[in-house]
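Quick note on the working numbering: the sequence shown kicks off at 72 and runs consecutively.
No wet-lab data here; the hints were simulated from the structure.
Please note that a few of the clues may not be correct.
[What the hints assert, rightly or not] Here are the simulated SDA-like pairs of lysine to any residue, each with C-alpha atoms no more than 20 Å apart in a straight line: (1) 214 <-> 224; (2) 149 <-> 163; (3) 224 <-> 83.
The structure displayed is predicted, hence computed values, not measured ones.
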Amino acid sequence: MARAFIGFGGNIGDTRQLITDAIVCLALRSELQILAKSCFYQSAPLEASGDDYINAVIEIETELTPYGLLHVCQVIEKEFGRERPYSNAPRTLDLDILSFEGVTQNETELILPHPRMIERSFVLLPLLEIAPDFFLPNLGELKSYLPKVADQKIEKLPCRNCNCGEKDVYSPASH
72 MARAFIGFGG NIGDTRQLIT DAIVCLALRS ELQILAKSCF YQSAPLEASG
122 DDYINAVIEI ETELTPYGLL HVCQVIEKEF GRERPYSNAP RTLDLDILSF
172 EGVTQNETEL ILPHPRMIER SFVLLPLLEI APDFFLPNLG ELKSYLPKVA
222 DQKIEKLPCR NCNCGEKDVY SPASH
């Protein structure tokens, strides 16, 4: 089993519900187990257009390979109406593999760890909420990058009946 982190985002439709439903879809898969889920964050578009985005991050353990997990994420995006008309277009749902334990790769289809994760408050804040001491060999402690994204507009949203930010096994029945 490998540990991985997945970032979620979107800015079309009821994004909080779409992300929640996508997490449930992942939780129903036998090849992975959700260990933690961050709260939701609202952020201004960064190098993109449209309304503010809603973002969250989950931590999983999985039997899948990085490409197997990528395939699962892309299937879920498509099921939730993801279209890619142009780069950084507004979207219903975006799933990004942020890191995959023990894997560093720079391939066209999948770069790990995610190449821009240290440049985005909407990734760093929810990730550090559930993994405050997150460390990557080539990047160091991710919390050291927070000052570089301090000027990006982001707000942690109030939770509604959730245990976000807690290290716990996430089950679809609890949400």
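Now for the hints, and whether the structure bears them out:
1. Restraint check for residue 214 and residue 224: the C-alpha separation of about 17 Å stays at or below 20 Å, so the hint holds.
2. With a CA separation close to 10 Å, the supplied pair residue 149 and residue 163 stays within the 20 Å bound.
3. The hinted pair formed by residue 224 and residue 83 meets the criterion: a straight-line CA distance of about 19 Å does not exceed 20 Å.
The structure fails none of the hints (numbered hints given earlier).
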